[in-house]
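Since chain X is already given, all that's left is putting chain U on it; use the hints.
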Amino acid sequence: MVSLRIDNRSVQVPEGATILEAAQSAGIHIPHLCYLKGVNEIAACRVCCVEVEGERAMVTACNSPVREGMVVHTNSPKARRTRRINVELILSQHDCKCATCVRSGNCQLQAIANDLGILSVPYETQLPKGLRGAWTTTFPLYHDYNKCIKCMRCIQVCDKVQSLNIWDVAGTGGRTTVDVSNNRVIKDSDCALCGQCITHCPVGGLRERDDTQKAFSALADPDRITVVQVAPAVRAAWGEYFGLKREDATMERMAACLRRLGFDYVFDTNFSADLTIMEEGNEFLHRFKSGGLTRWPMFTSCCPGWVRFLKGQYPELTGQLSTAKSPQQMFGSVTKSWFAQKLGVEPEKIFCVSVMPCVAKKAECELPTMAAEHGPDVDLALTTRELVRMIRADKLEPASMPEEPLDDPMGTHTGAGVIFGATGGVMEAALRTAAYVLTGENPDPDAFADVRTGPDLREVTYEIAGIPVRCAVVSGLGSARELVEQLKAGKAHYDFVEVMACPGGCVGGGGQPISVEDEERYGVRGERLYALDKANPMRFSHENPAVQTLYDEFLGAPLSEKAEHLLHTDHRAWSMPDQ
Amino acid sequence: MSRLSIETPDRAQTVLNGLNRDMERRINASQPGLCPVDMSLNFLRLCHAQTCGKCVPCRVGLGQLSVLIERVLDRAASLEDIDLIENTAQVIADSADCAIGYEAAHMVLRGVRGFREDYEEHVLHGRCICGLSHPVPCVSTCPAHVDIPGYVALIHDGRYEDAVRLIRKDNPFPAACAYVCEHPCEGQCRRRMVDDAVNICGLKRFAVDQARPASVERKAESTGKTVGIIGGGPGGLTAAYYLSLMGHQVTVYEQRPKLGGMLRYGIPDYRLPQDVLDRDIDHILTAGVKVHTGVSIGKDLSIENICGSFDAVYIAIGAHNDKKLGLEGEDAENVISAVALLRGIGEGDVPDFTGKRVCIVGGGNVSMDATRTALRLGAEQVTCVYRRRVEDMTALSEEIEEAMAEGCQILPLQAPARIEADQNGRVAALWTRPQLIGSYGQDGRPRPVDAREKEFRIPCDYVIVAIGQAIESQAFERVGVTTRRGAIEADHTSSVPGVDNVFAGGDAVSGPATVIRAVAAGKVAAANIDNYLGFDHKVSCDVDIPPAHFTNTPPCGRVNLKSHAKPGCQGDFSLVTEGMSQEEAHQESGRCLRCDHFGFGIFKGGRNTEW
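Read top to bottom, the protein sequences are chains X and U.
Going by our numbering, the letters in the first sequence line up with residues 673 to 1251, in that order.
Going by our numbering, the letters in the second sequence line up with residues 115 to 725, in that order.
With the rest of the complex left out, here is chain U:
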């Protein structure tokens, strides 16, 4: 018998490790609309299977909790049993010896406290409050509810124009979204239960790049009603497009020289080329939208004037103001905001950072845009300073990776402390306070606290602040539009309370969000403005969807877009990611599980052909 031996996992353990990974993906792919009590019970059972069996609370208690929750689901429990569940779980949480027990009990507690009314509904009526709707995951998680299985199937059949037409039924920015959408649709893609989410956004890009320009959509008969839209960004133009198709006369007021909003003045060309955006806007304008650019409401035209001269008004002004750091030295020369920098470039005012050292403050997508833009403007050294960890950054992970690949430095766990200016009043350095990542806050993210380390000096010529955006709403308050925490108040129907014919949506209402959220808001506004004007026009698309394949394909790797991010991109604003090849698009579109046809989709909710 040897004294020690090298341990290798046995076959069962290897297989189980694989199953653990499968289960993790599966839980992540949980579709919306599941019964929280039933899910809790089954999470609890998993936890109970993990128990080692040594201690009473975990070995016995978790099992008894399962019995009690099962009783709730069987409508064999009383309301007192819910209290018993809570008390038992609390005792397990307080007295279990290790995390296997107390964390399991914490999960039960969070449920019984967080959705107690679901427990009660089961006890009293034997039903779930959630109803039982199992919508198509990608369609329901897309804010604009684009018919994704439909267009993916069309792409698979090589019908790219039809695919783009189908997208336009719900989203008039197929091209822009194909390049910059954050694709929430992929988050719960059922294909994740098999291998990985379908690359929906990449497929859309393939379709828009292949499709020939679309012909003009058929418009409803003119209604004689007029709608004024303030803001020519994605939200305003979405509303404008659909309202025009519905037969209303729409006029858009845009304060900048060109349409597009943040798509044009916020997103750099290496992510979204101007001509791609123009494809969408050109098509939107074919619907007969009147446009006045260079008109600022509140300055060039009063809001009262607008409200009085249109039957309905949609405010979609976005969030274009910057937020300040509030630090010493922030007024130094060469401290600029990211939105101002990006907007300036959009308007043709391109600064030269050749040989300069640039610091960017912030960890979101705008920060990454500013970081990578600074590099392209010729900066010698670009440092993105962030007070939390890299994994806590809210920017898309591929953006961060690409920024790093291009040679930007990410400096995490450094909180900006002050800005040092030279004798001429220009930025000389950014001072930061090193941070220690700590306990979790209310938002469920770990909070940084000051570490016991010395302040850190980063010598630089420019500081770019990218810590959020604000809206400029004073002009609208004159007609009774109210604001809350700096955003315009509007309800879920986009209606502005207290102002009869005024609607609002997009970033101006939600705070800075995504293109697809602005599109969704524009769509909601269009539908409700149409009803407000006394109509019930339906938007539909006559493209027929190819039938589903018979059975699914075996596990197959996801095609990711190739990135050209590499050092030495100074002066180069060309596209960073390369679209799919025909071969890749065909394979990738074949990975779609067609949830519109298989599973609940064929029964209910698989396809909404109009809205």
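One chain only, chain X, in its complex shape:
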């Protein structure tokens, strides 16, 4: 332990702790902006500067380790002046039009500037001029050069966590900015669209393409039937903005909000998650038994960030992806065929919206392979954050909303469907059903719980009906890359691998609400999904009665010709931009 004094209080912390951590442990808050624990400890913003007795210059609290006997002042006149002027300098190169900023109220810079009581900035405003400030408006990821504060967090998250190196510093001297690496433009890059750069941006420098007005337009069109599906992970996070307790932010309360927004039918992506298990699980058993997985495993395909990553980094392994469409796309496909038939309307009349914890879903639903003659299966993908903005725009108060049941038939789901939103969930749901298919009876629903915890690689071999199935689960693209490299080197062998692009799975998705305190919330959100699974009387996808009806009435059996046509895709039919 190291003893020191911070603001005249004695503090004891373990050796190696930073001044910032030591202060936190004593309840002293040192403002900081660029710091992101373990990822970005580069002391770039200089907001966390404190005065250390005996040192000539200010010391950054975020990355300076404590020393025995040191005396720190976080609010000395020098510390106050340093913090204030550095924040003012940041503001001089930041577009401070907070009224029109997506992060207003959720912005770390705004909070610090407000707290400091900065009412005007004594410096000239310097924003990128002309084309230097231009970014494409059609790509699902939007970078605002005028709001970027060059904290470098996006670069670091993309490099260190996601291993994709999409971002880099560009420009020079005072014109230095964050841009796509290697002098590329984003549309030509191999960006997976995981959106982790967005959720780790402290300001409005990065966001998703805003599609809320398109959704409002569709809702305003009396000739369109609006159908909305909500991904499992959304229910674990949407209430955060409204201050709802996680157990109060139910899917049913959200359904009430969605109906008030004007959606004609409120459904659940959990339904198509169950459907995915039927298709993907059977596909796996087929490929497994036919000996197609001896060299390479079958990879899950429900995460479009992972699909983009694999196709961009290891295009030669594209064939190892399950051909099953993602739950979002299965939902759209079934909506515009079976459900349209049930309603007795032309599929063109239906406007299918999805609410996703994800930015890559916006690109997925626009793929040429995800459409039929009647147009795209899913017309619009919104992020959780966009849903929150729509609820706010209509001044709805979720806390006072009643809980309303979802519509039939695609509002019905099992616990296996809901855990799709957490890392390991797809694997666990698939194993539950695979065990049933192979043995004819349901296993203990918690028999495969070992694949649940943690964002890093988990590998488990399960014996199902006497056959060992080698499973691996990984989340985060950096971890995914390590796994693929192990497979390529022949150092690891699996039969079935689940990959989610975002650490922790969709609950930690790039479309989810952003913590202004830099909390990683995938853990608590994932726990919520597992609690929902446990509370659900149905815990096996094959028991979903609506899915059974869909097969009986329409599809026949899993992997039938019709199912292949509607629910499967050829991942090789499109290419990443850089190929």
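Worth double-checking, as some hints may not be accurate.
To be verified - Partial pick of chain U residues on the chain X-facing surface, computed with a CB cut under 7 Å:
1. Asp124
2. Arg189
3. Thr665
As the list claims (entries may be wrong) - Taking lysine to aspartate or glutamate and the DMTMM-like style, the derived pairs with C-alpha atoms no more than 25 Å apart in a straight line are:
4. X/Lys1160 - U/Glu194
5. X/Lys822 - U/Glu235
6. U/Lys438 - U/Asp575
7. U/Lys718 - X/Asp831
8. X/Lys832 - X/Glu796
9. U/Lys372 - U/Glu296
10. X/Lys801 - U/Glu194
11. X/Lys822 - X/Glu1157
12. U/Lys652 - X/Asp936
13. X/Lys801 - X/Asp882
14. X/Lys709 - U/Asp658
15. U/Lys437 - U/Glu184
16. X/Lys801 - U/Asp197
17. X/Lys832 - U/Asp658
18. U/Lys718 - X/Glu713
19. U/Lys470 - U/Glu442
20. X/Lys822 - U/Glu184
21. X/Lys1234 - X/Glu1215
22. X/Lys832 - U/Glu494
23. U/Lys339 - U/Asp323
24. X/Lys801 - U/Glu234
25. X/Lys769 - U/Asp188
26. U/Lys438 - U/Asp466
27. X/Lys859 - U/Asp658
28. X/Lys1067 - X/Asp936
Bear in mind the hints are in silico, worked out from the structure with no lab data behind them.
The beta carbon of each residue, even a glycine, is placed where N, CA and C say it ideally should be.
Below, chain U without anything else, positioned relative to chain X:
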């Protein structure tokens, strides 16, 4: 009112003079990887601030050029604007009244012509071609990319063995380099922005002198692959060391009786004692390198034989042949080449120059070695003759100063004309033609031309020629190795084009260079040979680096090594420079600004832990 008064600079001028010196140091310390357009713009602004304001091209034109270049950087210019910049600058260069204007315009012209593609990239895409990498200056300017901030911090903590181990990750010649490296790492040391570069080389010497012998490094599992290395100098042994650590079976062929190459047979003992060199070589051999000395490829063994019996071959034969002056009388007795003299001494053949007068021709480091060696061999009078000025000599300035301190005479601006022999065919005098320093040549150095003066006779007994070295490559041409301007052709990966399993590097490829360049080449070869053999071994070091101090130290003088160069060193081959004291090393290592931690280093490129 007095008619005249004594002028003293006022306070503002005194301060500004200091700032000018600071700026000069700062520009010299510019790190690699800066945007040339942005730098040009800001040089131009400085030039514009110097204008007196009298003339149009300078007062108005330089300002308008700044506006145009700023537009380029703001991506608000067109390609035509680049032409406008060039035309405007040309007119300023042609019509400015004084150097303030036309030299500023010349700088812009050199830029717009020399890196036009950078201008175009800014106009078309708003980016720099240079990317924006700000590597740690010392690490990036060291050819072998040794982790300098790391070992300097270890020295500061008194962890000398760890410091040497860390150096060995990238350079297996820590001791030799500590004594004779030309330390390019110090050239752009960021500490120069504060006061002066850290004495990196001196600190390294302190570390290697304090460190106990290192234990044997852990080797990778044997690969069963074999590598033959031709040449036991710094380059060949570097490759041998790393390839051995990677698990390959390495055999070195050296034509001389001992290993070390130019380190042993080219550098005199007063700069690099043999036992210092032996420390490095002994450690290299612990990696399990097989050595055959006294074997000359092409004479004792054919190159075909070598290429056929090893999976890969690295040619690192150095440049050991001398170059001739091509002057009348050069065949006289007692005209010898510097490399031959130094090599002979290395082999124990020590000539006696007692009472003799010796002339050395040339201005490089080898010339200084020969000059000072001649003195130590007992010469009564030693004169180094050079056709340019002293400041144009390519030898390190401290070498020149020490040579002069020891009593050697440097005779600049004298071009050798012919050698006069006596009736016995022995050297009697060197005749030189006095030179006038003149206009600048393509190489950016002023050229000497014959002055209108009479030839000059320097009576002497010996003439030592030190005007460069050549390589002996005929033996290798038989397997398809090609040469260009007397050097073996190899690409930047050390691969020899057209010959599958042969690699080459060091002086034999680059021409005579420095120890650290040979080490760097050996390192590149080791990595690429490893890949060629189908492996991807990484070389790393598990030494943990002390955390950086919080803030920097105030300006503090640089500790320079004390030199014992003084007259009367006849017969004395002992070390000339004295290493740092413990106190000096501690202070000097504390001057390091830790660019691995502060600035860009903590973000990217601060430390490469393996290669």
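- Item | Proposed proximity, aspartate 936 of chain X with lysine 652 of chain U (alpha carbon, max 25 Å) | violated (61 Å)
- Mind checking the CB of arginine 189 of chain U against every CB in chain X and telling me if the closest is under 7 Å? Since chain X brings a Cβ to about 5 Å from arginine 189 of chain U, closer than 7 Å, the hint holds.
- Item | 25 Å limit on alpha-carbon distance, applied to hinted pair lysine 438 of chain U and aspartate 575 of chain U | holds (18 Å)
- Message: Need the status of pair lysine 769 of chain X, aspartate 188 of chain U: alpha-carbon distance at most 25 Å?
- Response: Cα-Cα ~22 Å, so holds.
- Message: Hint check: lysine 822 of chain X vs glutamate 235 of chain U, CA-CA at most 25 Å. Holds or violated?
- Response: The hint holds at about 22 Å.
- Message: Checking one constraint from the list: CA of lysine 437 of chain U to CA of glutamate 184 of chain U, max 25 Å. Satisfied?
- Response: violated (51 Å)
- 25 Å Cα cutoff - pair lysine 438 of chain U, aspartate 466 of chain U: holds (23 Å)
- Task: Measure nothing beyond the straight line between the CA atoms of lysine 832 of chain X and glutamate 796 of chain X; if it is 25 Å or shorter, mark the hint as holding.
- Result: At roughly 35 Å apart (the allowed maximum being 25 Å), glutamate 796 of chain X and lysine 832 of chain X break the hint.
- Query: Taking 25 Å as the top limit, are the C-alpha atoms of lysine 1234 of chain X and glutamate 1215 of chain X close enough?
  - Reply: holds (21 Å)
- Query: Can the restraint linking lysine 801 of chain X and glutamate 234 of chain U be considered satisfied, given a maximum Cα separation of 25 Å?
  - Reply: Holds. Lysine 801 of chain X to glutamate 234 of chain U sits at ~18 Å (cutoff 25 Å).
- Message: lysine 801 of chain X and aspartate 197 of chain U were given as a pair; does the straight-line alpha-carbon distance stay at or below 25 Å?
- Response: holds (22 Å)
- Message: Would the hint linking lysine 1160 of chain X and glutamate 194 of chain U be met if the CA-CA limit is 25 Å?
- Response: violated (51 Å)
Of the hints listed earlier, those the structure fails to meet are numbers 1, 4, 8, 11, 12, 15, 22, 23, 27, in rising order.
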